[in-house]
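Enquirer: Now for the letters of each chain:
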Amino acid sequence: MTLKIKDDKPFLRDTSKMLWDGEPAHAEVKDMSPHISFAQITSDVVNSLENPRPIYWWAIAVCVFMIAVGVACEVYQYRTGLGVSNKSNTNVWGVYIASFVFWVGVSHAGTLLSALLHLTHSDWRKSVFRYAEAMTTFALMTAGLFVLVHLGRMWQVYYVMPYPNERGVWSNFQSPLVWDMFVIGTYLTCSSIFLYTGMIPDLAVFRDNIHDGWRKKLYTFLAMGWQGTDRHWRNFRVAYLTLSVYLIILAVSGHSVVSSDFAMSQQPGFHITSFPPYFVVGALYSGNAALITVFIVLRFMFRYEQYLNMDVLRKLVRLTFALAMIWTYLHLIEMATVWYGHDTAARDQLYFKATGAYAGWWWLFNFLAIVCPWVMAFRRWQTNLPVQMVLSLLLNVGMWLERWMIVAPTLGHSHYPWTFDFDQWPSFVQWGILFASFGWFALLILIFCKVFPAVSMYELKELNYARKVEAHHALVGEPATKGAH
Amino acid sequence: MSIANLLQNWSRYRDTHPYGGAKPHMGYKWAMAIDMDICTGCNACSVACYAENNLAVVGKEKFLNGKSMHWLRIERYWHDTPEPTDPLQLTAYTASGAGKHFPDQGAHFLPIMCQHCEAAPCETVCPVGATNHTQDGINSQIYNRCVGSRYCLVNCPYKVRYFNWYNYQDPATENVWPEPLNQQLNPDVTVRSKGVMEKCTFCVQRLRAVMVDARTEERLVREGEVQTACQQACMAGAISFGNMLNPDSRVGKQWIEQGVNIALDVQSKNEHVGDNTPKRGYRILENLRPYPSVMYLEQVRESSV
Numbered sequence: 001m002t003l004k005i006k007d008d009k010p011f012l013r014d015t016s017k018m019l020w021d022g023e024p025a026h027a028e029v030k031d032m033s034p035h036i037s038f039a040q041i042t043s044d045v046v047n048s049l050e051n052p053r054p055i056y057w058w059a060i061a062v063c064v065f066m067i068a069v070g071v072a073c074e075v076y077q078y079r080t081g082l083g084v085s086n087k088s089n090t091n092v093w094g095v096y097i098a099s100f101v102f103w104v105g106v107s108h109a110g111t112l113l114s115a116l117l118h119l120t121h122s123d124w125r126k127s128v129f130r131y132a133e134a135m136t137t138f139a140l141m142t143a144g145l146f147v148l149v150h151l152g153r154m155w156q157v158y159y160v161m162p163y164p165n166e167r168g169v170w171s172n173f174q175s176p177l178v179w180d181m182f183v184i185g186t187y188l189t190c191s192s193i194f195l196y197t198g199m200i201p202d203l204a205v206f207r208d209n210i211h212d213g214w215r216k217k218l219y220t221f222l223a224m225g226w227q228g229t230d231r232h233w234r235n236f237r238v239a240y241l242t243l244s245v246y247l248i249i250l251a252v253s254g255h256s257v258v259s260s261d262f263a264m265s266q267q268p269g270f271h272i273t274s275f276p277p278y279f280v281v282g283a284l285y286s287g288n289a290a291l292i293t294v295f296i297v298l299r300f301m302f303r304y305e306q307y308l309n310m311d312v313l314r315k316l317v318r319l320t321f322a323l324a325m326i327w328t329y330l331h332l333i334e335m336a337t338v339w340y341g342h343d344t345a346a347r348d349q350l351y352f353k354a355t356g357a358y359a360g361w362w363w364l365f366n367f368l369a370i371v372c373p374w375v376m377a378f379r380r381w382q383t384n385l386p387v388q389m390v391l392s393l394l395l396n397v398g399m400w401l402e403r404w405m406i407v408a409p410t411l412g413h414s415h416y417p418w419t420f421d422f423d424q425w426p427s428f429v430q431w432g433i434l435f436a437s438f439g440w441f442a443l444l445i446l447i448f449c450k451v452f453p454a455v456s457m458y459e460l461k462e463l464n465y466a467r468k469v470e471a472h473h474a475l476v477g478e479p480a481t482k483g484a485h
Numbered sequence: 001m002s003i004a005n006l007l008q009n010w011s012r013y014r015d016t017h018p019y020g021g022a023k024p025h026m027g028y029k030w031a032m033a034i035d036m037d038i039c040t041g042c043n044a045c046s047v048a049c050y051a052e053n054n055l056a057v058v059g060k061e062k063f064l065n066g067k068s069m070h071w072l073r074i075e076r077y078w079h080d081t082p083e084p085t086d087p088l089q090l091t092a093y094t095a096s097g098a099g100k101h102f103p104d105q106g107a108h109f110l111p112i113m114c115q116h117c118e119a120a121p122c123e124t125v126c127p128v129g130a131t132n133h134t135q136d137g138i139n140s141q142i143y144n145r146c147v148g149s150r151y152c153l154v155n156c157p158y159k160v161r162y163f164n165w166y167n168y169q170d171p172a173t174e175n176v177w178p179e180p181l182n183q184q185l186n187p188d189v190t191v192r193s194k195g196v197m198e199k200c201t202f203c204v205q206r207l208r209a210v211m212v213d214a215r216t217e218e219r220l221v222r223e224g225e226v227q228t229a230c231q232q233a234c235m236a237g238a239i240s241f242g243n244m245l246n247p248d249s250r251v252g253k254q255w256i257e258q259g260v261n262i263a264l265d266v267q268s269k270n271e272h273v274g275d276n277t278p279k280r281g282y283r284i285l286e287n288l289r290p291y292p293s294v295m296y297l298e299q300v301r302e303s304s305v
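Same order as they appear, the protein sequences are chains A and B.
Using the working numbering, you'd call the opening residue of the first sequence number 1 and step up by one each time.
Using the working numbering, you'd call the opening residue of the second sequence number 1 and step up by one each time.
Okay, chain B solo, but in the shape it has when bound (with noise of 0.2 Å):
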């Protein structure tokens, strides 16, 4: 069986990056858009993410040491302006202490999770093929297939994956859930084992419930059916989720409106095209050609204005 499984299936080692999408006959193509606009870096879909998807909270020692289990980071990075050339402003910007940075203008906030890239840099690498592209265009972790060679981690530009340094169920050594807390494990997610690499995985849990529901139906899922925690954690709606080859949905009418393709590594940002009105668009390390399934909407600042 195993052989002629090697001699039949190489065509899925043939495919040709990027997909441009989903491959068509599923109907689904998970995507996601950030509007930095809207975001206020409030940490809440961090904090939803730990709560839905069993993240150890590893502590500060080992979060400063660079052991954390944040699936959604906000990374935080403040507006760089030139130093002024006018000898006046230039003390008055010397002695406010602002240095480089301009806390007038507050923070810029990035709401950083697995960006699901249609090529991802990760799947090629990984010797076991334990992460792998879904039909419905999400990067998939195979837990159980793992075995911590970490070269994913490597690869991927966005450094957004994280390997279990430790069992962090383990009451001998590092309980993170002692009791009572192991009561709040959502029970639709595994507890990962030491040694294995995990991320961002869209919810799949969620996702997979809402198709299965929608298969008995013999339709699709339906635009609002199904939220990611992240997204429903949002209290400012800055997070859209949904399926993107649906015409109702929110995300693919945003990636419309942008003029971000997902097949296409240069975005028509700050383009005025048709109605005029700048794009925001973007996705981040484009240039690589990872080609993810994240659009971030730039925030716009009363400067650029």
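Pulled out of the complex, with its shape left as it was, chain A reads as follows (with noise of 0.2 Å):
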């Protein structure tokens, strides 16, 4: 039985020891090993539960670090009033709105994978899409906070719902933020409930391998009875593809509403048409970028290297760069559009954005969102584990400075001078919130692969199963007439 390697200068690809002794041969397989029996594939994930890496709980206490960092940040604030965040009169929003576009966006990426990749029958999605769905979730419970830690005040945000009560009050249909307030709060429900039904099958597994303790009561609560016979999985087959294609229209609209926010108002350089599908591709970019920073994280941490594999990692690198370039064209039209535009007040904030108080950042966040990506071109660099995580990490960074560079200059600048105000830096305050929100969005991934399988295990032996059939048929010199679907 022979391997299928996929291009004949195996030296060329030889990267995956760069990192990490003891890196396994099927590296080199194409994204799952036929090797594999279903038998290893529940006891790996059912073990990696049990005993990850030490470093996952230095992680851990990291996490609840920042997030302490974060909460303090957030008590004085509450405490003392917004004011302390220091914003002004001009630049009303700041960091946290920045912030909450960037979580969004990072919630897409989930999306994308579990859903439009499952609809198109990608195969090799099938090892990361459950964890990738995971962080849709959690981002938007991320970016969520942001709300929360955004407003004058919090403790009315339940205004913006247009609940039943006895003034007749409702809130403000016309205003983007209750559409924002419907769109996030339905796109969370759908992608918890779509990363719930997915796992159903995976939960029973557990259910049946973990004999005592409270994950047994968890599992066996969760899995809902699962037995796993011929009606369940029709009936979970049938769940799962409507939920997904629901939860794209939800992925796409999603990142379009929060665009409004700023499209919707006459803010010069808010205003403008090209956001949604600018804004929507920029969510799916950065998105892919924070999915190879946890595939790797992943990968060492709870030693999935067999399943996140080097195959897998490539594609997800691919799929990063295409939209990378489809980002930097939509970035360049929304220029250009400015340029060419008769709008004086909206040309001028683009001048200013590349010469004015915030030129530093607005240039570096063109070379990394733009130029750094060119790196993941390169085959060698594909799989290179070091590279791709600083890479991934240096995009988001970019795609975040993005969004700060759309909120910041564009309100410091505005109609007229009277108006205009350039040296409002954050104070520790958002920069602390900030932090914490990385710390919180971490710590929920971590619990969550702590807890549930953060690798599909009834779509790896699918997969598994495709493969087989493969090596068989090429070792009896057959053409395999048959996929994975």
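Treat the hints as calculated values from the structure; they're not laboratory data.
These figures come from a predicted structure and were not determined experimentally.
We treat Cβ as the ideally placed atom computed from N, Cα and C, and that holds for glycine.
Hints are supplied without guarantee of correctness; some may be wrong.
Okay, the calculated bits of chain B under chain A, using three or more residues with CB under 8 Å as the criterion [said to hold, decoys possible]:
| id | stretch |
| --- | --- |
| 1 | 124-137 |
| 2 | 141-147 |
| 3 | 152-160 |
| 4 | 166-179 |
| 5 | 187-201 |
Straight-line alpha carbon distances no greater than 20 Å define the calculated SDA-like cross-link-like pairs of lysine to any residue that follow [to be verified]:
| id | chain 1 | residue 1 | chain 2 | residue 2 |
| --- | --- | --- | --- | --- |
| 6 | B | Lys62 | A | Tyr76 |
| 7 | A | Lys30 | A | Ile296 |
| 8 | B | Lys60 | A | Ile296 |
Got two chains here, each in a separate frame; can you build the complex from them with the hints?
Expert: Below, the structure is given as structure tokens:
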């Protein structure tokens, strides 16, 4: 039996040994090795819950520390007033709104992988989509926190909802913020349901393989009596497909609505027609970069080297590069429309971004988000873990800066000079809460991976079966006719 | 009741802007006109506004940090002259140190408060409907309803909304009115708490008082019956305020005289219409079409006469 090696120059691809010894030989296989048995997949995933590498606990400690910093900042801000975040009556939004957009953006990659690539039968997604879908849910939860932190009177946030009340007062349905509330709420609900629904067969496997303790009770409850019968699987397939179709619509409309927070206003620099596609693609781009980061972390931390392997990483990196190029095009075309447009205020705004007080940050973001992804175009770097780790973090720094460059310089440079205000540097409170948001997100992901299957066992088994069939046909010299689906 | 409200009251979301003045059945459209030819930039209006509306005096540090609460601010612009082409004049021009400023002609002043736009950009974006248009043409702000998303300020082209970044009446942190200064607070006006947006109300507490009186006497408010605080404090009489629909009102006459139509976005400024008098009336950032209720009368300079 031969393994399917994809190119005939293995020495060029031998980058897998550059990090962490004991890189298994099946780094060379196509997305899934046919040599792994079903039982091994089950035991690998079940065991990963119990014994991650020790660095897992250090990571948890760091996350808790980061959250503590943010909670301290928020308590201070809550008690004293939003003024301590150092905004002004011109720069009324700041890091909070930029981070809100950033986190909503991160959530989109999960939906792309789990729903869109599910529809297109891209089999390589099977090992990564579960944690990607979890990232969707957790990134939305993080984004929701930024809405609360941003509000002047967060204790009255429920005014935004059109709940029945004796005053007959409703929220203002003209406002993009109300659309935001609806779309983020719907997206969060649906992605949670989607995440849970997709996990039910795996939870049943856990239920059957773990024999005592709180885990047994939890999985028994969550598996909802899944027996794996033919009828169960048929219903499951239909439900999962329906949800994935629905979620794609939500993902596209989600960030379009977030972009209309800006595009619907008449602030020069916000009032740009091409914002919705620009935001959606930017969201997929930064979300995919975040996927790569989490990919490398989980691969090491939970010993998932066989499943989160180099071929999958390569495909993720290529996808990210493609999205980066689409985003670059939309970014340039957005600037071009402003440049050629007749709106002098918006054009001055663009000049200000490139030459004014925020010019350094603006050029840095352009470098990080446009130039850096070109590293991903080179085959030799595509599976180099240290390079991809640093690169994916840099891309997300660039994409965060992009959101901040949409918010901060735009508000500082409005219609006429009296309203200009360039030197509002966010205070430690804003930075502290941003810092904490990464800890909060990482903590949720780490806890999720310790409690739930971070890679999908049943889909891996499907993929594994398909690869076994292929390997068999390669051995007996017949063309394989059957894919994973 | 709320379901019925949802089903029945959709018409109020379908109003087309601009109204072109107030809802006609009210009989009121409060408007303002400010004559820049008379304004001396003395800031008395701003001070009066502070006193009348319980505005917080935030102090130098916060003021420079952009957290001031002046509902009415005097913007100051220096006359911008091109550099003389004549070398002799250029030498004198440079030697005077004037640069682009032209101190001989002094500064231009522009008192800016909420323009009470008929198609107000702030109103459409507020998620909770805390800022609304009243039927007498005022852009109102409901402090109790405000959640502090600050979207209204983002969308306001004039940036005349002011956010309560701190609790200015809290003795523990920011006490703007320590004893006995709290005795000077106007009892007719709310002292705003932290986290809400506030802005010029056209002294709505005064308007409501006279409107109630007028209604009991079954008439409309007469011209001169009510003044805003800034109007009252302006010693030169540059500010006129009143019910534009009242044919006797000074402000209504000024708007007609200057050919400024509240429902149009292009005015006849500098056009010689009828009696061959150049029109001076304009509204700020009219091209964005917020249809403001405040008209400014352009300052006439010696050089431009």
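Enquirer: Return the numbers of the hints above that this structure violates; sort them in rising order.
Expert: Going through the list in order, the structure violates hint 8 alone and respects the others.
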